[in-house]
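Protein chains: 2
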Amino acid sequence: MQDSFLNSNFDLSHYLNNKRDITALALRKVIKTYFSDTRLSSAMQYSLMASGKRLRPVLCMAAAETVGEINDDVISTACAIEMIHTYSLIHDDLPPMDDDKLRRGKPTCHIQYDEATAILSGDALLTLAFEILSNPPSLKNAVTQLQVIKAIARAAGHNGMIEGQMRDIEAETIPASLDELKKIHHLKTGALIEASVISGALLAGGTTQAVKQLKIYAGNIGLAFQVIDDILNVEGDADKMGKATGTDVSRNKSTYPGLLGMEKSRQFATELSNNALHALDIFGNKAVPLSALAEYIIQRER
Amino acid sequence: MQDSFLNSNFDLSHYLNNKRDITALALRKVIKTYFSDTRLSSAMQYSLMASGKRLRPVLCMAAAETVGEINDDVISTACAIEMIHTYSLIHDDLPPMDDDKLRRGKPTCHIQYDEATAILSGDALLTLAFEILSNPPSLKNAVTQLQVIKAIARAAGHNGMIEGQMRDIEAETIPASLDELKKIHHLKTGALIEASVISGALLAGGTTQAVKQLKIYAGNIGLAFQVIDDILNVEGDADKMGKATGTDVSRNKSTYPGLLGMEKSRQFATELSNNALHALDIFGNKAVPLSALAEYIIQRER
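Protein chains in written order, with my numbering: chain C, 1 to 302; chain B, 1 to 302.
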């Protein structure tokens, strides 16, 4: 057990930096191992190495530490999930979808390169994620590895993240109700966040009960994350966010602030965060990082 | 061993119909199991069930029969590969890429639906392929399953099929040499055809030597397939092809007929087919279907 786990003055900022460093190092290794000297690889790298929050890799590793230890499989799975997240951003930013020109403070992939390259580099990041998830096949972990691949594919697929994006686009013409909005966000953001946490726990040897509790945790923080995203889209600082704000209103999109008002939206996010914390009770001190992450998610400014 | 394997009058047409029926049945089961009542699922189904040649599933199953027997894993893998092939067609047809309006005799996905839906349904078919490839994890086959996932992801990824499409687009502005053209086609078509054959062989228990020979076979027929595609684009019947012909010339694309002339292109295809047949020598009568498929590929009219 690391010192920080027992320390009531847990330093989240240090923890986040450490996990982001591990992610960056592992992603650079992926780039060195798999990428070529091509325009396609260049576009993949451009989007993958933009300064994202790395929330999913951090959650994957934190879940692993809650039930066991971070191992190589956890780290490479964390990278694969970040690739899937990155591909989804590249495709969502395309002109036929959200038509965004700025992402993480930089021109979006189709602006920096071109639309064809952006579509293909998204496809390629998604595919590379599965190449990495299936590598290396060691007899001992093969069954768990397949479980993890399946969980991630389900979460990222047409009954998960992709359906969320589809409904998000449709909600621009037919405004969504509060229940529909929760469903959209569960699909679009929650499902992959859940898969990140579950994968980390499975690969670190978590029990069925532990994985179940972590899934509840993840479902709640996933939704809280999106509520805060909506709030930041209204009142956030575009410079801090690294992307345009005020876009939801101009697109006529249903949002939590739009449906509930700003104050109730903040209350809702806090309630979700509390549900998440409650689900961690069984883990005691081991869950200090995940608890701190739940609080970070509702207090973030970008 | 089936009768047809020993019969010198092997009926390829019957064989193709049988394997296509198996594929169609399995794909319908996939649709029933995984698809929802959504616009996204509808678009996925629209493209997946268009009347394709099902060449990759047929090759996957034929490779399995060459070294062993077709089992459930072979069939579901054949379906997953067809989904990957279908996603690649949907994305290649998009306006920023080939901008094709007709495919398999029907409006392309983005014409029938819209661009956003086409991008997302391609993404979803690719993702679903990996969900299916990781399901069900049985202890006995888990390691082979991971090997197959890896082989398919590599073939479909940024060092395989996607790089092929990228170079194919680039070759519209800078005409490719013959060597470059072979490389493009190996990446764009050959890699996934190789993976189809290798996967079928691995899942049916093929030896390393058998897989090696089948890879040589597949590399040659993959290229032959593309040479014939180019020839048909010049002199083919658009009705039989189910897509526009003459498009390569109008796009200024490097093609085998353009670089070698029509007669030498046909000779080249025949030579490749003969190389493929030679690689099957070690399998004797067991390889009758694969041999017939090699001949079919260079004689096809669509």
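The reader is advised that the hints may include incorrect statements.
Identical chains share a label here; the pair holds if one copy fits it or two copies do between them.
Stated by the list, open to error - Only pairs whose alpha carbons sit at most 30 Å apart, straight line, appear in this in silico DSSO-like list of lysine-lysine:
| id | residue 1 | residue 2 |
| --- | --- | --- |
| 1 | K182 | K32 |
| 2 | K183 | K32 |
| 3 | K29 | K264 |
| 4 | K106 | K264 |
| 5 | K106 | K150 |
| 6 | K215 | K264 |
| 7 | K32 | K264 |
| 8 | K264 | K212 |
| 9 | K53 | K212 |
| 10 | K29 | K183 |
| 11 | K253 | K215 |
| 12 | K150 | K183 |
| 13 | K286 | K106 |
| 14 | K215 | K101 |
| 15 | K101 | K29 |
| 16 | K150 | K215 |
| 17 | K286 | K212 |
| 18 | K101 | K183 |
| 19 | K183 | K253 |
| 20 | K32 | K212 |
| 21 | K32 | K215 |
| 22 | K101 | K286 |
| 23 | K32 | K286 |
| 24 | K253 | K286 |
| 25 | K150 | K264 |
| 26 | K253 | K32 |
| 27 | K212 | K101 |
| 28 | K150 | K101 |
Please keep in mind that the hints were generated in silico from the structure rather than gathered at the bench.
Going through the hints against the structure:
Taking CA atoms no more than 30 Å apart as the test, K182 paired with K32 passes between copies only; the shortest distance there is 26 Å, against 39 Å inside one copy. Taking the closest pair of Cα atoms, K183 and K32 come within 30 Å of each other only across two copies (23 Å); inside a single copy the shortest separation is 39 Å, beyond that limit. With identical chains, the CA atoms of K29 and K264 are never at most 30 Å apart, being 44 Å at best within one copy and 45 Å at best between copies. For a Cα distance limit of 30 Å, the shortest separation of K106 from K264 qualifies neither inside one copy, at 33 Å, nor across copies, at 50 Å.
With identical chains, the CA atoms of K106 and K150 are never at most 30 Å apart, being 33 Å at best within one copy and 33 Å at best between copies. Taking the shortest Cα distances, K215 and K264 sit within 30 Å of each other inside one copy (25 Å), while across copies they are farther apart (61 Å). Taking the shortest Cα distances, K32 and K264 never come within 30 Å of each other, neither inside one copy (47 Å) nor across copies (41 Å). For the identical chains of this complex, K264 and K212 are intra-copy neighbours only, at 29 Å inside a copy versus 64 Å across copies, given an alpha-carbon limit of 30 Å.
Taking the shortest Cα distances, K53 and K212 sit within 30 Å of each other inside one copy (25 Å), while across copies they are farther apart (44 Å). When the C-alpha separation of K29 and K183 is checked against a cutoff of 30 Å, the pair qualifies only between copies, where the shortest distance is 27 Å, while the shortest distance within a copy is 36 Å. Only within a single protomer do K253 and K215 lie at most 30 Å apart by alpha-carbon distance; the minimum there is 28 Å, versus 51 Å between protomers. Taking the shortest Cα distances, K150 and K183 sit within 30 Å of each other inside one copy (21 Å), while across copies they are farther apart (33 Å).
Taking CA atoms no more than 30 Å apart as the test, K286 paired with K106 passes in neither setting, with 37 Å inside one copy and 57 Å between copies. Taking identical chains as interchangeable, the C-alpha atoms of K215 and K101 are never at most 30 Å apart, the minima being 34 Å within one chain and 44 Å between chains. For the identical chains of this complex, K101 and K29 are intra-copy neighbours only, at 29 Å inside a copy versus 41 Å across copies, given an alpha-carbon limit of 30 Å. Proximity of K150 to K215 under the C-alpha cut-off of 30 Å is found in both arrangements, the shortest distances being 16 Å within a copy and 28 Å between copies.
When the C-alpha separation of K286 and K212 is checked against a cutoff of 30 Å, the pair qualifies only within one copy, where the shortest distance is 16 Å, while the shortest distance between copies is 49 Å. In this assembly of identical chains, the alpha carbons of K101 and K183 lie at most 30 Å apart only when taken from the same copy (27 Å versus 34 Å across copies). In this assembly of identical chains, the alpha carbons of K183 and K253 lie at most 30 Å apart only when taken from the same copy (15 Å versus 46 Å across copies). Taking identical chains as interchangeable, the C-alpha atoms of K32 and K212 lie at most 30 Å apart only when they sit on different chains, with a minimum of 28 Å there against 36 Å within one chain.
In this assembly of identical chains, K32 and K215 lie within 30 Å of each other by CA distance solely across copies; the values are 27 Å between and 33 Å within a copy. Within a single copy, K101 and K286 get their C-alpha atoms no closer than 41 Å, and across copies no closer than 56 Å, so neither meets the 30 Å cut-off. With identical chains, the CA atoms of K32 and K286 are never at most 30 Å apart, being 34 Å at best within one copy and 42 Å at best between copies. Neither within a single protomer nor between protomers do K253 and K286 lie at most 30 Å apart by alpha-carbon distance, with minima of 39 Å and 60 Å respectively.
Taking the shortest alpha-carbon separations for K150 and K264, neither the intra-copy value of 37 Å nor the inter-copy value of 47 Å comes in at or below 30 Å. Proximity of K253 to K32 under the C-alpha cut-off of 30 Å is found in neither arrangement, the shortest distances being 41 Å within a copy and 33 Å between copies. With identical chains, the CA atoms of K212 and K101 are never at most 30 Å apart, being 39 Å at best within one copy and 47 Å at best between copies. In the homo-oligomer, the alpha carbons of K150 and K101 never lie at most 30 Å apart, since the shortest distance is 33 Å inside one protomer and 34 Å across protomers.
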